[in-house]
Structures are given as structure tokens and as C-alpha cells.
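Enquirer: Sequence order for the protein chains is D and P.
Following the working numbering, the numbering of the first sequence begins with 110 at its first residue and continues without gaps.
Following the working numbering, the numbering of the second sequence begins with 110 at its first residue and continues without gaps.
Because the hints were derived from the structure by calculation, they are not lab data.
Because identical chains cannot be distinguished in the list, a pair is counted as satisfied if it fits within a single copy or across any two copies.
Computed list of lysine-lysine pairs in PhoX-like fashion (alpha-carbon distance at most 25 angstroms, straight line): (1) 522 to 184; (2) 319 to 349; (3) 349 to 454; (4) 166 to 188; (5) 424 to 316; (6) 278 to 522.
There are 2 protein chains.
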Amino acid sequence: MNQSIITYLTKKRENHLEELKELLAIPSISSLPEHKEDVQKAAIWVANALQEIGMEKVEVHQTKGHPVVYGEWLKAEGKPTVLIYGHYDVQPVDPLHLWESPPFGAEIRDRKIYARGASDDKGQVFMHIKALQAILETTGTLPINVKFLIEGEEEVGSPNLPLFVEENKELLSSDVIVISDTSMIEHGKPAVCYGLRGLCGLQIDVKGAKSDLHSGLYGGAVQNPIHALAEIVSSFHNEKGQITVEGFYDKVAELTAAEEAAYESLGITDQSFIEQLEVPEMFGEEGYTTVERTWVRPTLEVNGIYGGFQEEGIKTVIPSEAHAKITCRLVPNQDPDEIVELLQKHIQSHTPPGVTVNITLLDKGAPFVTPFDHPAIQAAGRAYEKVYHVPTSFTRMGGSIPIVATFDQILRKPVVLMGFGLPDENFHAPNEHFHLENFDKGLETLCYYWYELEQSL
Amino acid sequence: MNQSIITYLTKKRENHLEELKELLAIPSISSLPEHKEDVQKAAIWVANALQEIGMEKVEVHQTKGHPVVYGEWLKAEGKPTVLIYGHYDVQPVDPLHLWESPPFGAEIRDRKIYARGASDDKGQVFMHIKALQAILETTGTLPINVKFLIEGEEEVGSPNLPLFVEENKELLSSDVIVISDTSMIEHGKPAVCYGLRGLCGLQIDVKGAKSDLHSGLYGGAVQNPIHALAEIVSSFHNEKGQITVEGFYDKVAELTAAEEAAYESLGITDQSFIEQLEVPEMFGEEGYTTVERTWVRPTLEVNGIYGGFQEEGIKTVIPSEAHAKITCRLVPNQDPDEIVELLQKHIQSHTPPGVTVNITLLDKGAPFVTPFDHPAIQAAGRAYEKVYHVPTSFTRMGGSIPIVATFDQILRKPVVLMGFGLPDENFHAPNEHFHLENFDKGLETLCYYWYELEQSL
Numbered sequence: 110m111n112q113s114i115i116t117y118l119t120k121k122r123e124n125h126l127e128e129l130k131e132l133l134a135i136p137s138i139s140s141l142p143e144h145k146e147d148v149q150k151a152a153i154w155v156a157n158a159l160q161e162i163g164m165e166k167v168e169v170h171q172t173k174g175h176p177v178v179y180g181e182w183l184k185a186e187g188k189p190t191v192l193i194y195g196h197y198d199v200q201p202v203d204p205l206h207l208w209e210s211p212p213f214g215a216e217i218r219d220r221k222i223y224a225r226g227a228s229d230d231k232g233q234v235f236m237h238i239k240a241l242q243a244i245l246e247t248t249g250t251l252p253i254n255v256k257f258l259i260e261g262e263e264e265v266g267s268p269n270l271p272l273f274v275e276e277n278k279e280l281l282s283s284d285v286i287v288i289s290d291t292s293m294i295e296h297g298k299p300a301v302c303y304g305l306r307g308l309c310g311l312q313i314d315v316k317g318a319k320s321d322l323h324s325g326l327y328g329g330a331v332q333n334p335i336h337a338l339a340e341i342v343s344s345f346h347n348e349k350g351q352i353t354v355e356g357f358y359d360k361v362a363e364l365t366a367a368e369e370a371a372y373e374s375l376g377i378t379d380q381s382f383i384e385q386l387e388v389p390e391m392f393g394e395e396g397y398t399t400v401e402r403t404w405v406r407p408t409l410e411v412n413g414i415y416g417g418f419q420e421e422g423i424k425t426v427i428p429s430e431a432h433a434k435i436t437c438r439l440v441p442n443q444d445p446d447e448i449v450e451l452l453q454k455h456i457q458s459h460t461p462p463g464v465t466v467n468i469t470l471l472d473k474g475a476p477f478v479t480p481f482d483h484p485a486i487q488a489a490g491r492a493y494e495k496v497y498h499v500p501t502s503f504t505r506m507g508g509s510i511p512i513v514a515t516f517d518q519i520l521r522k523p524v525v526l527m528g529f530g531l532p533d534e535n536f537h538a539p540n541e542h543f544h545l546e547n548f549d550k551g552l553e554t555l556c557y558y559w560y561e562l563e564q565s566l
Numbered sequence: 110m111n112q113s114i115i116t117y118l119t120k121k122r123e124n125h126l127e128e129l130k131e132l133l134a135i136p137s138i139s140s141l142p143e144h145k146e147d148v149q150k151a152a153i154w155v156a157n158a159l160q161e162i163g164m165e166k167v168e169v170h171q172t173k174g175h176p177v178v179y180g181e182w183l184k185a186e187g188k189p190t191v192l193i194y195g196h197y198d199v200q201p202v203d204p205l206h207l208w209e210s211p212p213f214g215a216e217i218r219d220r221k222i223y224a225r226g227a228s229d230d231k232g233q234v235f236m237h238i239k240a241l242q243a244i245l246e247t248t249g250t251l252p253i254n255v256k257f258l259i260e261g262e263e264e265v266g267s268p269n270l271p272l273f274v275e276e277n278k279e280l281l282s283s284d285v286i287v288i289s290d291t292s293m294i295e296h297g298k299p300a301v302c303y304g305l306r307g308l309c310g311l312q313i314d315v316k317g318a319k320s321d322l323h324s325g326l327y328g329g330a331v332q333n334p335i336h337a338l339a340e341i342v343s344s345f346h347n348e349k350g351q352i353t354v355e356g357f358y359d360k361v362a363e364l365t366a367a368e369e370a371a372y373e374s375l376g377i378t379d380q381s382f383i384e385q386l387e388v389p390e391m392f393g394e395e396g397y398t399t400v401e402r403t404w405v406r407p408t409l410e411v412n413g414i415y416g417g418f419q420e421e422g423i424k425t426v427i428p429s430e431a432h433a434k435i436t437c438r439l440v441p442n443q444d445p446d447e448i449v450e451l452l453q454k455h456i457q458s459h460t461p462p463g464v465t466v467n468i469t470l471l472d473k474g475a476p477f478v479t480p481f482d483h484p485a486i487q488a489a490g491r492a493y494e495k496v497y498h499v500p501t502s503f504t505r506m507g508g509s510i511p512i513v514a515t516f517d518q519i520l521r522k523p524v525v526l527m528g529f530g531l532p533d534e535n536f537h538a539p540n541e542h543f544h545l546e547n548f549d550k551g552l553e554t555l556c557y558y559w560y561e562l563e564q565s566l
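Could you build all of it, start to finish, from the sequences and the hints given here?
Expert: Rendered as C-alpha cells:
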């Protein structure tokens with residue numbers, strides 16, 4: 110890579126920060142109707158920025174909700190094409206009084222820029238635009254073809270994006286999808302994330318008598334819906350932390366030796382988790398480490414349980430109903446629909462006598478993994494290393510980003526998650542910020558990446 | 110018994126009803142401070158009524174709360190002494206708009222008198238006064254000695270009565286305690302209740318991480334407090350409906366053959382319960398009938414459970430805490446303190462790794478039983494039969510009346526619960542009423558009882 114690109118970035122740094130502040134100043138809160146105009150404004154800002162650096166076919170596509178911004182540059186004939194996804198919408202800012210500077214003021218303190226969206230995800234979208242501009246203005250061309258897909262509804266679950274992607278498969282076709290909306294492991298430790306867990310969520314409603322009963326008059330003679338629910342819930346796991354739902358693990362892909370080695374090299378210990386979470390000890394599926402349990406093993410967690418009396422003191426009641434909400438995190442190659450069926454069977458066969466049970470599907474999403482040894486993944490690792498001078502971590506994440514699964518399913522191309530945030534940058538919370546060290550290094554990393562990718566794909 | 114007593118009752122019926130309406134018109138709601146004066150007024154009304162029929166040492170004893178009314182007649186030398194307990198306070202009346210006539214209007218419709226307190230317990234207290242008056246005015250004497258203890262705090266849990274009883278043991282000493290504050294089995298089926306279950310209540314608080322965790326990021330790697338709680342809850346019973354807490358049943362008195370026969374003769378079927386409660390089937394401790402399960406077997410019921418997300422939809426959280434409230438119904442000769450200890454041990458030894466558990470005692474009260482074959486119990490049965498012309502049912506109740514356990518413990522005398530209410534008379538609800546058939550027959554029954562008791566003790 111031409112080192113004058115780095116010189117360009119250094120020279121332009123103050124202009125970049127001023128421009129970023131402009132974008133951060135737009136309160137594009139997608140969940141609040143009163144900010145609808147601001148969301149539009151941010152879309153137009155992004156479109157203008159794409160136009161300005163030389164992207165073509167730039168368009169603000171209206172949807173049923175907030176718009177999708179598209180732009181492309183496809184002049185690198187014979188070279189790979191990258192689809193860059195990001196979002197320009199942000200989370201609400203309440204509680205406002207906990208912010209040390211205005212959430213849309215974009216104040217720089219202690220080498221960090223403080224604003225809603227600084228890290229999630231305006232800052233990282235902005236870096237992608239400016240990295241390409243640096244290459245274009247310095248070399249007159251790009252080592253790759255690029256397409257931008259920047260949406261305005263990520264913070265409300267991307268309700269309209271799947272349809273847009275489905276209807277614009279051709280427009281969005283690429284060799285690889287790159288997303289910068291995640292975090293590094295910690296300060297100074299870059300990470301490429303190549304897999305996310307999927308999800309399915311169920312509600313279990315247990316019904317006993319037609320109304321709450323006096324536990325003195327009827328206690329001991331009817332099935333208590335809370336007991337029945339506790340029996341169902343406790344039947345999901347055995348004492349080894351394994352999920353006992355028949356067939357649950359059947360399609361789970363085992364770790365490759367290379368992945369196992371990569372995770373071990375991260376040097377993550379249980380002790381650090383124990384201290385951070387203040388739990389007596391870690392607990393999970395026997396035979397797996399904490400990292401494996403959260404990244405590559407499926408889970409079943411009860412997210413909520415309720416029934417009967419919840420106030421202070423005592424009320425001698427046998428409730429008529431009891432409820433639980435459960436979610437499973439799924440891993441390749443589990444199929445959410447299949448898992449939902451297995452769960453339903455398990456619940457039905459573990460419901461004790463004397464009550465009826467009703468199961469409702471709340472949500473589902475497929476897991477996703479790009480093969481660990483995919484060249485686009487490994488190239489991202491090398492790009493980080495050129496700038497950060499430490500080995501890149503290759504990680505998977507326990508959470509689910511539904512839009513990534515959507516890309517995986519509709520576009521069927523490898524997804525590379527290369528984030529520049531830090532885990533403590535208060536996404537979705539007051540005093541969100543973005544560390545300028547990663548703003549600077551991230552810009553360089555992205556430039557390196559496009560050249561690495563040119564060589565790899 | 111002199112049949113002119115019956116004639117007297119018939120003659121005085123209208124006067125009695127007018128007097129009862131007076132008492133029912135006083136809104137002596139013990140739980141509402143704005144009715145404090147009304148509660149006093151009702152106490153004075155009762156004291157005057159006792160004085161009027163010839164009771165002696167009549168006194169309105171002030172307490173820290175509402176007063177206790179005492180009166181006695183001890184001129185039946187060598188005869189047994191009966192302590193009659195009842196209460197002149199009533200429950201609140203809301204929701205007022207559901208009442209078909211004013212709650213303190215005491216309207217008679219369809220042979221029932223509608224008013225708050227009609228059945229629970231002013232009506233039944235009034236009957237005791239008038240039955241004795243009938244005997245006194247007709248015969249000039251009584252076949253027994255009587256002491257009245259009529260309190261004004263029953264509906265708020267009798268907070269000041271135990272101390273009063275403790276401090277007035279001598280004054281209250283008797284051979285038998287008679288309470289009319291319960292119900293018959295159903296219309297036309299009188300019942301003598303000779304036992305009540307005791308109670309102990311605990312709260313279980315399970316604590317995991319210091320705060321709620323994202324179930325994507327940490328799911329599978331920490332113990333979920335809801336899972337831990339479900340495991341504890343489901344460990345309390347086995348699939349036979351038996352309680353698995355070690356030692357729980359050790360001191361439980363088994364049924365006598367006479368009791369078993371008495372219960373069987375009630376002819377209560379599961380089908381009637383199933384229809385009434387709308388449950389798919391009855392469920393409880395193997396080897397016992399529904400009646401036995403609710404009257405003479407101890408229970409452990411979870412009255413409430415809560416933790417994590419309870420709203421619509423889904424929230425992918427591992428909660429920091431989960432909670433359950435449990436109560437046990439206890440039977441002779443279980444000791445509440447011992448049972449609490451056994452429960453604590455059980456919970457501790459069934460808490461899975463990765464969480465801490467905290468147990469709080471909420472309440473406790475001893476069970477009580479008067480021996481089934483006690484002459485005072487059997488005499489009550491005979492008295493009912495003389496008036497109702499059907500066999501009396503001898504029952505125990507699944508609920509707990511703490512003041513009865515207090516009498517049992519402090520005064521150590523047999524308690525006879527002979528009620529004249531009906532189960533559907535809306536105690537504590539709008540349109541409380543008292544069936545005048547049982548008002549009439551009850552007055553006669555009480556008169557017969559005192560003569561039966563004279564012969565039996």
C-alpha cells in the first residue's frame with residue numbers, strides 16, 4: 110500500500126473530526142417519531158458524503174420506515190467487490206441528566222469523542238467513507254469495487270431491510286460483506302468476528318384452575334401452575350449444564366482445531382469474568398470453556414418467569430397461571446424452526462398432570478458463521494496487525510445480529526465483522542464515546558484491508 | 110330442653126332482626142382509620158347487648174388497636190364453662206358499585222339479609238347473644254357458665270388479641286371454646302370443624318451476577334438465577350406429589366379410623382372439584398383423597414415466583430435475581446419452627462452452583478386439632494342434628510385461623526368451630542349476606558348445644 114495514504118489521513122485528521130461532529134450532531138433517533146426528520150437528514154448527510162468522495166448511483170431509497178442509503182464505485186475491473194453495511198440511526202439518549210456533555214454535542218475529552226452514535230455506528234460508517242476517500246484522492250483509484258448499504262433502522266431491529274435486500278439482490282451482489290459495528294476485545298486488542306449465534310424465543314404459559322385459589326382451602330389437592338412451570342424449566346438442563354432437550358445438539362458443528370487454538374490464545378480466564386460479573390463461580394456446559402460456551406455452544410436461558418404474588422409479605426394463593434419466557438442461542442448448523450419443534454415436544458412431554466400448557470413463538474433468527482479460514486477473514490486479521498502490531502483475535506459472538514443472518518441467507522456471501530469500538534464505550538447508554546486512537550488506527554486498518562483483500566480473493 | 114325456648118325465639122323473631130339490622134348498620138371496618146369511631150361504636154353496641162341479657166362484668170377493654178368486649182355469666186355452679194369468641198369488626202366494602210343494596214343497609218331479600226358482616230361475623234355473634242337470652246328469659250337460668258370474648262380486629266389479623274389473652278388467662282379460663290365464624294358444608298348440611306392447618310411462609314431470593322446480563326453475551330456461561338430457583342422449587346415435590354424435604358412428614362399425626370370413616374361419609378367426589386375449579390384433574394399426594402389432602406395432610410405451595418422480564422415480547426436478559434414465596438400448611442403434630450429449619454436445610458442443599466440464596470421467614474402459625482371424639486365436638490354434632498335433621502359433618506379446614514392456634518396454645522382448651530354461614534355468602538366480597546334459615550335454625554341449634562354440653566362435659 111502507498112504510504113502517502115497514511116500521510117493523507119494524518120493531514121486531514123482535523124477536517125475529518127469536524128465532519129464527523131457534523132454527522133454526530135444530527136439526532137437521528139430511529140425509535141422516536143419526533144426525530145423522523147432528523148433520521149432523513151442523517152440519510153441525506155451520508156448520501157452527500159458518498160457523492161463527495163466519488164461514489165456513483167448514490168441514492169436515498171425510501172422504505173416503509175426510514176431510508177436506506179446506497180452508493181457504489183465499481184471501476185476496479187476484475188477485482189473483488191465489497192458490500193459495506195452500516196447504520197446512521199442511533200439509540201435514544203435518556204436519561205439525559207447522566208450525560209456529561211450534550212449527547213449531540215460531540216465533545217472531545219481525553220482523546221475520546223463523546224456523542225450518541227460516536228461508536229455505534231456513525232463513527233465507524235464515517236471511517237469507511239473517509240478511508241476510501243483517502244485511497245481515491247491519493248491514488249486515483251481503489252484496489253477493490255465497493256457498494257455502500259447504510260440503513261436507518263438498525264436500532265429498531267431493521268424491520269424494512271430484509272425486503273430491501275431481497276428486492277435488490279442484484280444491486281447488492283458482492284464477494285464479501287464487511288460490517289464495522291462491533292468491538293475490539295479490549296484497548297489495543299483488535300478482533301475479527303466471524304460468527305454470531307442465532308436465536309429462538311418462546312413463551313410458556315401454564316394454566317391451572319379457572320381463578321386463583323386459596324392455598325389453605327385447596328393447597329395440596331390441585332397442581333400448582335408454578336410447580337408445573339418449575340418442573341418444566343428445571344427439565345431443560347441437567348446438572349452438568351447440558352441441555353436435555355432431545356436432539357438439541359444433533360446438528361451443532363464442532364469447533365475446528367484451528368479455532369480451538371485461536372480461542373485458547375486469547376488467554377481469557379474465568380477469574381476475570383468472576384470479578385467483572387461478581388458471581389461465585391462460572392457455570393455452564395461441562396467440557397467447554399467460558400469462551401466456547403458463549404461463542405460456539407448453543408444455550409437455553411429463561412429470560413423471565415412470573416406467576417402469583419410478587420408484593421411484600423405473604424399471600425396464600427395458588428395462582429391460576431404461571432409464565433416463562435425462554436430464548437435459545439443457536440449455533441451452526443442448528444435450524445431455528447427445528448429447534449422450536451424440539452422445544453415444543455420437550456415442554457409437552459415434561460408438563461406434569463393437572464395443568465395445561467400453551468407455547469407461543471416470540472422470535473427466531475438463524476446462526477451465522479463465515480469459515481474461520483476464509484481469505485477475507487484472514488486478510489482482515491493481517492490488516493489489523495499492520496497497524497496495531499499485536500496478533501488479531503478471531504472471535505465469534507454470543508449475541509445475534511439479525512441483519513447479518515439475513516445477509517447470510519439472502520446474499521449468501523461471507524460476512525466479516527471488523528469493529529473498532531471498545532467494549533466500555535457505552536453503546537445504548539449515557540456518555541457513549543469513541544476512542545480516537547481507534548478512529549485513527551481504524552482508518553489505516555481499513556485502507557490496508559482493501560489492499561489485503563485485493564490480494565486474497 | 111324446654112320447648113318454650115323455641116316458642117320464645119319464634120315470637121321474638123322480628124325484634125331480633127330489627128336489632129341485628131342496628132348492629133349491621135354500624136360500619137365497623139377495622140382496617141380503615143376513618144372508621145375507628147365506628148369500631149368503638151360497635152364494641153359499645155355489643156357490650157350493651159350483653160348487659161341487657163344479663164351478662165355480668167361486661168367491659169369494653171381498650172387495647173393498642175380496637176377494643177375487646179368481655180362479659181360473663183357464671184351462676185351455673187358445677188356446670189361447664191364455655192368461652193364464646195367472635196368479632197364485631199368487618200371487612201371494607203369496596204368495590205361499592207357492585208353492591209345491590211347499601212352494605213350497611215341490611216336489606217332482606219329472598220330470605221337473606223344483605224350487609225357487610227351479616228355472616229362474617231356480626232350475625233353469628235348476635236345469635237350467640239340472643240340464644241342465651243332466650244334460655245335465660247324462658248328458664249331464668251343457663252345450663253352452662255359462659256364468657257364472651259368479642260374482638261374488633263379479626264379482619265386485620267387480631268394483632269392485639271394474643272397479648273390480651275395472655276394477660277387475662279384467668280379471666281378467660283373455661284372448659285371449651287366455641288366459635289361461630291365458619292361455614293356449613295352447603296345449604297342444609299351443618300358441619301362442626303375440629304381442626305385447622307398451621308402455616309409457615311418463606312421467601313427465597315436467588316442472586317446471580319451483580320446486574321442483569323445480556324443473554325447473548327453471557328448465556329451459557331453463568332448460572333441463571335431463574336434456572337437455579339426452578340431447580341429448588343422443583344426439588345420440593347416428587348412426581349407422586351409427596352414433599353421431599355427430609356423429615357417433613359416425621360411428626361404428622363395419621364388419621365384415626367373414625368375420622369377416615371367420617372370423611373368418607375361426606376361423599377365428596379373429585380368430579381365436583383374438577384367442575385368447580387375447571388382443572389383437567391385433581392393432583393396431590395399419592396394415597397390420599399382430596400379431602401384428606403386439604404384437611405389433614407401438610408402441603409408446600411409456591412404462592413408467587415418472579416424474576417427477569419415480564420412484559421410483552423422478548424428481552425434477552427439473564428436476570429440478576431429471582432424470587433419465590435412459599436407457604437406450607439402444617440398439621441398436628443408438626444412444629445412450625447422445626448419445619449422452617451428443615452426447609453432452610455433443603456433449600457441450601459438443593460441450590461445449584463453459581464448463585465447465592467437468601468431465605469426470609471414471612472410468617473408462621475401452629476396447626477390445631479381438637480380430638481375428633483371430644484364430647485364437646487360430638488355434642489355440637491347432636492345439637493345440629495336436632496334442628497337440621499341430617500347427619501352433621503365433622504370437618505377440618507385447610508386454612509389457618511391464627512387466633513384459634515393462639516387459643517389452643519395459651520388457653521389449652523378444646524376449640525369447637527360451629528358455623529352457620531354458607532360457603533357462597535360472599536364473605537369479604539360485595540353482597541355479603543346471611544341466610545335467615547340458618548339464622549333461625551342456628552339460634553335453636555345453639556340453645557340445644559348448651560344443654561347437650563351440660564350433659565357431656
